[in-house]
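Novice: Listed here are the chains, written in short residue letters.
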Amino acid sequence: MNIEVKDLNLWYGQFQALKDVNISFSEKRITAIIGPSGCGKSTLLRVFNRMNDLIEGVRTTGEVTIDRENILDPSADLVVLRKKVGMVFQRPNPFPLSIYDNVIFGPKIHSSKNKDGLDEIVQYSLESVLLWDELKDKLRKSALSLSLEQKQRLCIARLIAVKPDILLMDEPCSTLDPQATQRIEDLMRELKHNYTIIIVTHNMHQAARSSDETGFMLLGELIEAGKTEDIFTYPKDKRTEDYISGQYG
Amino acid sequence: MRNSQRSQKIAFSLLFSATLLIVVPVGLIIVLIIQKGIPAIDWQFLTDIPRKGMREGGIFPAIVGTLYLVAGAIVFSLPIGLLAAIYLSEYAKDNALNRIIKLAIVNLAGVPSVVYGLFGLAMFVVFFKFGASILSGSLTLGIMILPIIITASREALESVPYSFREVSLSLGASKWQTIRHIVLPNAIPGILTGTILGIGRAAGETAPILFTVAAFYLPKLPKSIFDQAMALPYHLYVISTQVPNVDEKIRYGTALVLLVLVLFMNLIAIVIRYQFRKRKKW
Numbered sequence: 001m002n003i004e005v006k007d008l009n010l011w012y013g014q015f016q017a018l019k020d021v022n023i024s025f026s027e028k029r030i031t032a033i034i035g036p037s038g039c040g041k042s043t044l045l046r047v048f049n050r051m052n053d054l055i056e057g058v059r060t061t062g063e064v065t066i067d068r069e070n071i072l073d074p075s076a077d078l079v080v081l082r083k084k085v086g087m088v089f090q091r092p093n094p095f096p097l098s099i100y101d102n103v104i105f106g107p108k109i110h111s112s113k114n115k116d117g118l119d120e121i122v123q124y125s126l127e128s129v130l131l132w133d134e135l136k137d138k139l140r141k142s143a144l145s146l147s148l149e150q151k152q153r154l155c156i157a158r159l160i161a162v163k164p165d166i167l168l169m170d171e172p173c174s175t176l177d178p179q180a181t182q183r184i185e186d187l188m189r190e191l192k193h194n195y196t197i198i199i200v201t202h203n204m205h206q207a208a209r210s211s212d213e214t215g216f217m218l219l220g221e222l223i224e225a226g227k228t229e230d231i232f233t234y235p236k237d238k239r240t241e242d243y244i245s246g247q248y249g
Numbered sequence: 001m002r003n004s005q006r007s008q009k010i011a012f013s014l015l016f017s018a019t020l021l022i023v024v025p026v027g028l029i030i031v032l033i034i035q036k037g038i039p040a041i042d043w044q045f046l047t048d049i050p051r052k053g054m055r056e057g058g059i060f061p062a063i064v065g066t067l068y069l070v071a072g073a074i075v076f077s078l079p080i081g082l083l084a085a086i087y088l089s090e091y092a093k094d095n096a097l098n099r100i101i102k103l104a105i106v107n108l109a110g111v112p113s114v115v116y117g118l119f120g121l122a123m124f125v126v127f128f129k130f131g132a133s134i135l136s137g138s139l140t141l142g143i144m145i146l147p148i149i150i151t152a153s154r155e156a157l158e159s160v161p162y163s164f165r166e167v168s169l170s171l172g173a174s175k176w177q178t179i180r181h182i183v184l185p186n187a188i189p190g191i192l193t194g195t196i197l198g199i200g201r202a203a204g205e206t207a208p209i210l211f212t213v214a215a216f217y218l219p220k221l222p223k224s225i226f227d228q229a230m231a232l233p234y235h236l237y238v239i240s241t242q243v244p245n246v247d248e249k250i251r252y253g254t255a256l257v258l259l260v261l262v263l264f265m266n267l268i269a270i271v272i273r274y275q276f277r278k279r280k281k282w
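First to last, the protein sequences are chains A and B.
Here the first sequence is numbered in our numbering, starting from 1 and rising by one per residue.
Here the second sequence is numbered in our numbering, starting from 1 and rising by one per residue.
It should be emphasised that the hints constitute simulated quantities derived from the structure, not laboratory data.
Keep in mind that this is a model prediction, so the values were computed, not measured.
Even glycine gets a Cβ: it sits at the ideal position worked out from N, Cα and C.
You may find that some hints are simply not true.
Keeping only pairs whose Cα atoms sit at most 27 Å apart, straight-line, the calculated BS3-like set for lysine-lysine is [claimed, not checked]:
| id | chain 1 | residue 1 | chain 2 | residue 2 |
| --- | --- | --- | --- | --- |
| 1 | A | K6 | A | K192 |
| 2 | A | K163 | B | K175 |
| 3 | A | K108 | B | K175 |
So, partial list: chain B residues that the calculated Cβ filter (under 7 Å) puts toward chain A [as the list claims (entries may be wrong)]:
| id | residue |
| --- | --- |
| 4 | Q177 |
| 5 | A269 |
| 6 | V271 |
Could you put the whole structure together from the sequences, leaning on the hints where they help?
Specialist: Here's what the structure looks like:
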């Protein structure tokens, strides 16, 4: 499912956080958005599932089309949008419920009566994040007892249970150790066969390793975007070059 | 260096003794009341009606009356308080109306209890024509404990991490579904704690029931919510000041029963809170 961003501007009150952003994201690819803290990359990510709506005083102009529909339209159905576009957060944040209940939270919310098939959903979702074998005998245990990496995988499984098309990942590995980070990156490569993934990261190595395409942002502007190897080997813009060569950020 | 160590010691002993002083009145009250009240406590005292001008017999109608009043107050104030708390913590934007509401709650908590009594008399007894009745008394007590319940519930709701709400919404849940399935379940222990503290307060107050429900002497149990009833705090007041020659042990026995009732409720609140803290890991 393609995402097209056209002339996107976003203000927090007086502060303009996104300036004339134009970019498109291709289907079943991993696109990384990199840039120093405060460059607006998380804000951009939160445009795609309209999570910025939760903040008072946010104003957006421009157009973001997912599936030929402008999601910035005030009449856009947020429930439909958020089922289609799921988000993984920086800190693993399972609910204080059992592993099982975490996974079925979305399906239960979205289908009022239907209680059948929940077991299958749990198995499928946990298999997708390679947790099933580890956890199949402790589904009733509290999700809070898991390790950080398992928690983050569980959060991805909870998302998969809603059957989204697009996964937004907001620095999903920033609380994990290097080994766990690598395993989550492996998982992302696995998941891209079925999902369009956009990952925000300030870890350039992660972007270089795991993404197909990369966009570089600075002070609310998208400086350049393209194939990851091009961005990292032949950056067109001086500022991109400075950033990826570690001059700042 | 040595000087700073000495002032450190002085500060420590000052702070510590001030803290220790808190224990003294609590301990004395409890010891005194237990010591003087225990001889009165027996099965008859707890289950019999007052006899011989309240100089003998038991306090059963007062215990029952207090339980009715407390139950009535909770039935009235818990739903309203909880719904208001949900509105204030989850929906209310920071505007003039909501600031007035919050100010009103703070002020409601500061109103002297005898004023609640007068208000209850004017509002429920006279205006709504409920008469002096359990209904009037419960409503008056309910209004009195509303701020306790609202404040505790709001704190409980607001202590549920923002990230839970964020995830729930990001999974496509509506705001109400998020509150219903994520926020409320995690706030229940805090809400319960506040409610029980409110119960304790309602059980112990005399002034709000003085004009609205409390009977001086009524040796039978109330049959409906429109009946008057005896209540422990008012009964204690009556036998301590209005009736001559009541045996000391009956007065202290009544005080003991009231104290145990209230402390027991606070104990439940503490246990719930403790259990919750142990379980909570975020």
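Novice: Which earlier hints turn out false for this structure, listed by number in ascending order?
Specialist: Per hint list: 5 and 6 violated.
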